[in-house]
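Here is how the chains run, residue by residue.
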Amino acid sequence: MSIQQLINGISLGSVYALIAVGFALIFNILKFSNFSHGGVMVVTAYTGYLSAIGLKNFISSTPLFVITVAVAALAGGLVALIVERVAFRRLRINKSPVIYYFVSSITMGMLLENLVTVFASSNFYSYPFTLGSQVVHLGRFTVATSDLFMLTFSAISLLLLIWVLYKTRMGVAIRALSFDVNTSSLMGMDVNFVIMATFVASGILGGISGVFLGINYTLYPQLGKMITKGFIASVIGGLGNITGAVIGAILLGVTEVFFIGLVGSGITPVFLFFIMLAFLLIRPQGIAGKIVQEKA
Amino acid sequence: MDLFVSVITFTCITLIGVMGVFVVTGLTGLFSFGQASFMAVGAYVSGVLGAKYNLPFPVAIAAALLFGLAAGLIVGLPTIKLRRDYISLVTFGFGEAIIAILNNSASLTGGATGLSGIPQLTSLWLVLLSAAACIFIVANFKYSKFGRQCLALRSDELAARSMGINVNRIKLTAFLLAAVMTSYAGVLYGYYTTYVEPGMFNWTVSAEWIIIVFFGGINSLTGAIISALALASLPEVLRFASEWRIVIYCVIVLLIINFRPTGIFGEYELFARQGSSKSGKGA
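Here the protein sequences line up with chains A and B, keeping their order. Going by the working numbering, the first sequence opens with residue 1, and the numbers climb by one from there. Going by the working numbering, the second sequence opens with residue 1, and the numbers climb by one from there.
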């Protein structure tokens, strides 16, 4: 495996890290797997596309990319807020069993995906950037500009998230809530507000990853299925663990690029699937090492 | 008449798939997003054997069921001991993996262009009989010792475990039963349309089946059957609204989950067994 592949793998992994962390944030607080995250990514990827198309005659390529990511991130936060309000608020108030959260999130994901299909048809679109063809030379190695942008943006947003989680009042509140909802609310915390804030954070990450996926794979309504990569990363890293998710995602990205070089991109998902199964057999608690058991 | 027959056939095939989901999700509380991939396994294994090797229909069925069982074991064994979330995440990945395998073994499965030339052996009577048999099996499963243990572990796994129920074995049994049943639905599908392609079996199909089960109510087999009959046959009739169909289903399901979480039919059963409805709450 060459250094070149390693660089590509890390940049791909950084996008997976965004997905996996957005997924892990919600898992931590509400203790269920949020399948609607894929739908949020699709909607934001298209929103970003619309803004890029609208502005492409006025702004040059690089700032346009930044604006597109920003618009998508905002849209992601907004969509995630709506999802929380429509799909999960009432369930939480009614203290519904966890399987209803599952169904609600699946339904919400399908709803978002199909709304995109209805309004944008199932054609393929691509962003009007010309980043893909440009490369940057770093010593002996060449990196595609788009990869470099993805890596930088993902790193910045993940660092920002970690700063928020560990250095701000809101971050402390989110961590307290993921530890124990009842005690936190008895301590006078506004649970609804903190959960909304978590959804916004997860939606922002989802929005950014949506645009990156759209750049990598072109835009189509089923883009949300790329959330599988986020799932695999979370399973490898340890379910609901944010550091683990990042490590798992980077590992996954590197492994994927390695296998694509070895056996071709078509059959790679099969290998990734078996790696995930092997991980579950050998180390079900994931890299992070804390096993999450069903609450009694 | 042809349209009528095809609507009935597809509805019955969906019904068999939904019965599988009812066992896994309705009774046991697990979520499988790879259920449609088991259908792909069944359709492709039997289809390849029928179209390429000209094996007789019953042999193809048996092989398909065995492969379905094996696939169920591969997915089920590592995941069933873990938290429930894992099985939904892993089955999701399983669906992707199956589609990748089908797309990349073009010499055997025809790849993305699909597998054609499967003999058309699924008759109306076969489909009706199969659907009835599956309903019979699931109904008996629900009221058997296994079904009751499934229900117990769905509502509280820890309590079920402490009552001496072998939780992992019961979960695996339910999962494998559903896997085999869905593979059979795949056989019927392949031998009816004579043509299968990987795109027909993605996760949205599995999600649609879960939605159908919740539409009727997860505690009611009758509800699952009726909603499968209604939701699977309507789109065949209302082709013009096909774009909006899933959107409308989703909105309805969100409304149901928010305002009537037990589903339309609640716990109602058309043929409730003697005593079962009374002892149900106490047990």
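Some hints could be false.
Computed list of lysine to any residue pairs in SDA-like fashion (alpha-carbon distance at most 25 Å, straight line) [what the hints assert, rightly or not]:
(1) K81/B with N28/A
(2) K95/A with L77/B
(3) K31/A with L77/B
(4) K81/B with V200/A
(5) K56/A with V136/A
(6) K167/A with V200/A
(7) K52/B with L121/B
(8) K95/A with P261/B
(9) K56/A with A120/A
(10) K95/A with N258/B
(11) K81/B with F179/A
(12) K81/B with K56/A
(13) K95/A with G266/B
(14) K81/B with K167/A
(15) K167/A with V136/A
(16) K31/A with S123/B
To give a feel for the contact side, a few chain B residues facing chain A, derived at Cβ under 10 Å [stated by the list, open to error]:
(17) N54
(18) F57
(19) W203
If you are wondering where the hints come from, they were derived from the structure by calculation, not from laboratory data. Backbone N, C-alpha and C define an ideal beta-carbon position, used for all residues, glycine too.
* Asked: Between K52/B and L121/B, does the CA-CA distance stay at or below 25 Å?
  -> 15 Å, holds
* Asked: Does N54/B pass the interface hint, meaning its C-beta sits closer than 10 Å to a C-beta of chain A?
  -> Since the shortest Cβ distance to chain A is 28 Å, the answer is violated.
* To do: Mind checking the alpha carbons of K167/A and V200/A for me, to see if they're no more than 25 Å apart?
  => Given that 25 Å is the threshold and the Cα spacing comes to 18 Å, the pair holds.
* Asked: Can the restraint linking K81/B and N28/A be considered satisfied, given a maximum Cα separation of 25 Å?
  -> Within the cut-off at roughly 21 Å; holds.
* Is K95/A close enough to G266/B, meaning Cα to Cα at most 25 Å? -> 18 Å, holds
* Under the criterion that the straight-line Cα-Cα distance not exceed 25 Å, is the pair K81/B, K167/A satisfied? -> 37 Å, violated
* Quickly compare the C-alpha distance for K95/A and N258/B to 25 Å and report which way the hint goes. => 11 Å, holds
* Does the interface hint hold: is W203/B within less than 10 Å of chain A, judged Cβ to Cβ? -> Holds, because the Cβ-Cβ distance from W203/B to chain A comes to roughly 7 Å (cut-off 10 Å).
* Proposed proximity, L77/B with K95/A (alpha carbon, max 25 Å) -> Between K95/A and L77/B the Cα gap is close to 31 Å, so the pair fails against 25 Å, i.e. violated.
* **25 Å limit on alpha-carbon distance, applied to hinted pair K95/A and P261/B** => Holds, because 11 Å separates the two Cα atoms, which is no more than 25 Å.
* Are K81/B and K56/A close enough, with their CA atoms no more than 25 Å apart? -> 52 Å, violated
* Holds or violated: are the alpha carbons of K81/B and V200/A at most 25 Å from each other? -> Not OK: K81/B and V200/A at ~33 Å, beyond 25 Å, violated.
Consistency note: the structure conflicts with the earlier hints numbered 2, 4, 12, 14, 15, 16, 17 and 18.
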